[in-house]
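**Student:** Spelled out, the chains give:
2 protein chains.
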Amino acid sequence: MLKIGIVGVGIVGQSVCQILEANKDIITARAGVELVPTIGVVSDINKKRDVSIKLTTNVDEVLDDPTIDIVVELMGGVDKAYEVVKKALKNGKSVVTANKALLAYHRYELQELAGENAFEFEASVAGGIPIISALRDGLSANHIISIWGILNGTCNYMLTKMIKEGVAYEDVLKEAQELGYAEADPTFDVGGYDAAHKLLILASIAYGIDVKPEDILIEGIQNISTEDIYFAKEFGFSIKLLTIAQINKNNEVELRVHPALISTVDMIAKVDGVMNGISVLGDKVGETLYIGPGAGGDATASAVIANLIDIARKGKGSPMLGFKTPLEGGLKLAQKGDIETRYYLRLQVEDKSGVLAKVATILGNQNISIKNMVQKPIDEKRANLLLSTHLCNEKDIKEALLTLQTENLVLSEPAMIRIEE
Amino acid sequence: MLKIGIVGVGIVGQSVCQILEANKDIITARAGVELVPTIGVVSDINKKRDVSIKLTTNVDEVLDDPTIDIVVELMGGVDKAYEVVKKALKNGKSVVTANKALLAYHRYELQELAGENAFEFEASVAGGIPIISALRDGLSANHIISIWGILNGTCNYMLTKMIKEGVAYEDVLKEAQELGYAEADPTFDVGGYDAAHKLLILASIAYGIDVKPEDILIEGIQNISTEDIYFAKEFGFSIKLLTIAQINKNNEVELRVHPALISTVDMIAKVDGVMNGISVLGDKVGETLYIGPGAGGDATASAVIANLIDIARKGKGSPMLGFKTPLEGGLKLAQKGDIETRYYLRLQVEDKSGVLAKVATILGNQNISIKNMVQKPIDEKRANLLLSTHLCNEKDIKEALLTLQTENLVLSEPAMIRIEE
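Line by line, the protein sequences give chains S and C.
Okay, so the first sequence: first residue is -12 according to our numbering, each after it adds one.
Okay, so the second sequence: first residue is -12 according to our numbering, each after it adds one.
Hints listed in this document are in silico derivations from the structure and should not be mistaken for laboratory results.
You may find that some hints are simply not true.
When chains are identical, the list treats them as one kind, so a pair holds in a single copy or across two.
[Said to hold, decoys possible] Straight line, CA to CA, 25 Å or less: simulated SDA-like cross-link-like pairs of lysine to any residue:
1) Lys(-10) / His130
2) Lys363 / Asp253
3) Lys67 / Ala9
4) Lys11 / Asp31
5) Lys368 / Thr312
6) Lys148 / Lys257
7) Lys301 / Gly341
8) Lys11 / Asp270
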């Protein structure tokens, strides 16, 4: 028997307890021992919870109890969770967490602290999809060329609604909030931060790279307009909040989260609604694709319990982030300005002759050539120029957009979405 | 350093050697030790191979060498491979195999023999997709409700060509043979046997069930006609060679391989060409989907090396088939006649009044009701009735088809394809 203490008994914590009970037969057969949730730590002891374990508000009742074998950290947040997990590891316990924010900031310190202790975190990325183990174990023979992920179900639900049903951003956000897919303050999801935390975890496993959320490009979906949706549909694109980790031509690691236009022909473009999807391109295996539920109590608990079973089977842990020794030479984070891709631009301009020529000239001066363009009138005086570029450099496009603004050729802030192929 | 002996240095064996060399930096960092292919066993020593390891025709040079840590079995076939693997395990070596036929027949004996030795086989199912580890480790908290797989790239390539380009079976087979996707004798692939071997491996991990290929329903794609393709397209279906493992309403395990009509809306229907795909439905996690290359030297070697790295990291193995102790009560294999699904039928009949009524009556007598029907004339005297049924029982439909034949209502053997939803 392994005794489990659960710190944070919310939706996921309750699911963990319920599944350990409901599926006890198969879990015990697979683990070889019974996994018994014994005690849960909560902040509000009076709140009703659908579990039969003992509850306490004192986390040390778990951390200092020598009979507790595994601590499951489901409290969320960074600082407090970090203290809890550190103490659990120091007390010799195995730890399982679903906390992506904690790992986004402290994964390397925790790997160091864990040493030979098992420290697992399958639930931290893409909920029920076993992508951590696929990347860390299943694809370990490969140099990873790229990882493209749809890792935020809230954004994917919203973007799917916008593109399939033409619903405007504000309306679909309201709907997502009513359905419980989006928080009252949706910034963490729609701003791309949640996806960025997950991206950093995957990047460490793929590339052994230690960076923080502050170091990488993160853009949200808040400024996507119905014109952008129109352009996407017109030219065979879908719009996804894409998390990208990839090696660029300088052998540096690009890490970025932003909305992207991707061809509807790509398998990953077909990952719709609240689903998550991850496409991994390995230098030897080629592309493998993983799709499934990225959130929800039971799906997340499924991943947490998979880790518990793994610990029961094997005792000691894998190298937490997949590297037993650092990669020789290491890999550097690419500069944000060095991104090279195609771009979609939405420019609000005066609807009069000569404007288009000036815009094209300014773009041309930065070596940016136009691939497709549509002009959509707004009223008698103004129009939106919707255009896509050929491959160019992020620095150049930013420079061109700045020039368009300083020369007063655009009537409002230009919008830009990267096109990924 | 771990020394590796490779038994069978064909396409995959050569890829294993080449990748261990080409990706040595990242493999060593992930494994913590260098993985060194040292000796290869071949049947024809004079055949040119693109590897630099020592070659021998004497397998005992590997099996009896105490300095060899891991034996990689890539010789294929059942009986000889079984002897080699048995001896390797008895001599205390870890074993990695890609041999699905061996596992289809001997996986339980081998699990017994392996004991605490590592015995891994990620490459045996779906090539580069880490589906063994996803199912055994990632989804271990779940009762598996169903596994639907597209596990044979040859068949999927052929069926995709047939449905997308209208190419006839014989022509696409010839083309697949020219491209090297199909063998000169294609029976093992197009007859469904290759997929069945893989299915049995997955079924053991999901259900702990010990059955042999002879025990299960296996039908190939050889009889799929252009009429069937026409019907499929007309009613929104794709045709796939589907491997199914699922729990039926009697809580028994259905295991079957056969062509199936599936809705084009299903994600797995979008797995086209030589790709493999597996949809797993867990009772808690819901559906997760895995897509990637199911064959090819490098993709298969990627899975073999992932196992090598895993062994280097962890030493002792997981429970080979995922169960530390047998599932209480166990699960029984469902009878073939107990399948309940929808069916598509192709019946060649005389084109005269009264025939359709008689056919409908015979079906109705077995409680089979028709959902869709198309009548396509063949010549002035004959027509094909193409129809789909509502949900019914396999025993009933077989009985009805027999009656149609004994009463001479059909002019040739009726064709039947299951519709899976």
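**Student:** Hint by hint, say whether it matches the structure.
**Tutor:** Results of checking the hints against the structure:
Taking CA atoms no more than 25 Å apart as the test, Lys(-10) paired with His130 passes between copies only; the shortest distance there is 22 Å, against 39 Å inside one copy. Proximity of Lys363 to Asp253 under the C-alpha cut-off of 25 Å is found in neither arrangement, the shortest distances being 28 Å within a copy and 36 Å between copies. Taking the shortest alpha-carbon separations for Lys67 and Ala9, neither the intra-copy value of 31 Å nor the inter-copy value of 44 Å comes in at or below 25 Å. Neither within a single protomer nor between protomers do Lys11 and Asp31 lie at most 25 Å apart by alpha-carbon distance, with minima of 28 Å and 52 Å respectively.
Within a single copy, Lys368 and Thr312 get their C-alpha atoms no closer than 63 Å, and across copies no closer than 76 Å, so neither meets the 25 Å cut-off. For a Cα distance limit of 25 Å, the shortest separation of Lys148 from Lys257 qualifies both inside one copy, at 13 Å, and across copies, at 21 Å. Neither within a single protomer nor between protomers do Lys301 and Gly341 lie at most 25 Å apart by alpha-carbon distance, with minima of 71 Å and 68 Å respectively. In the homo-oligomer, the alpha carbons of Lys11 and Asp270 lie at most 25 Å apart only across protomers (13 Å), although the nearest pairing inside one protomer, at 40 Å, exceeds that limit.
Violated hints, in rising order: 2, 3, 4, 5 and 7; the structure is consistent with all others.
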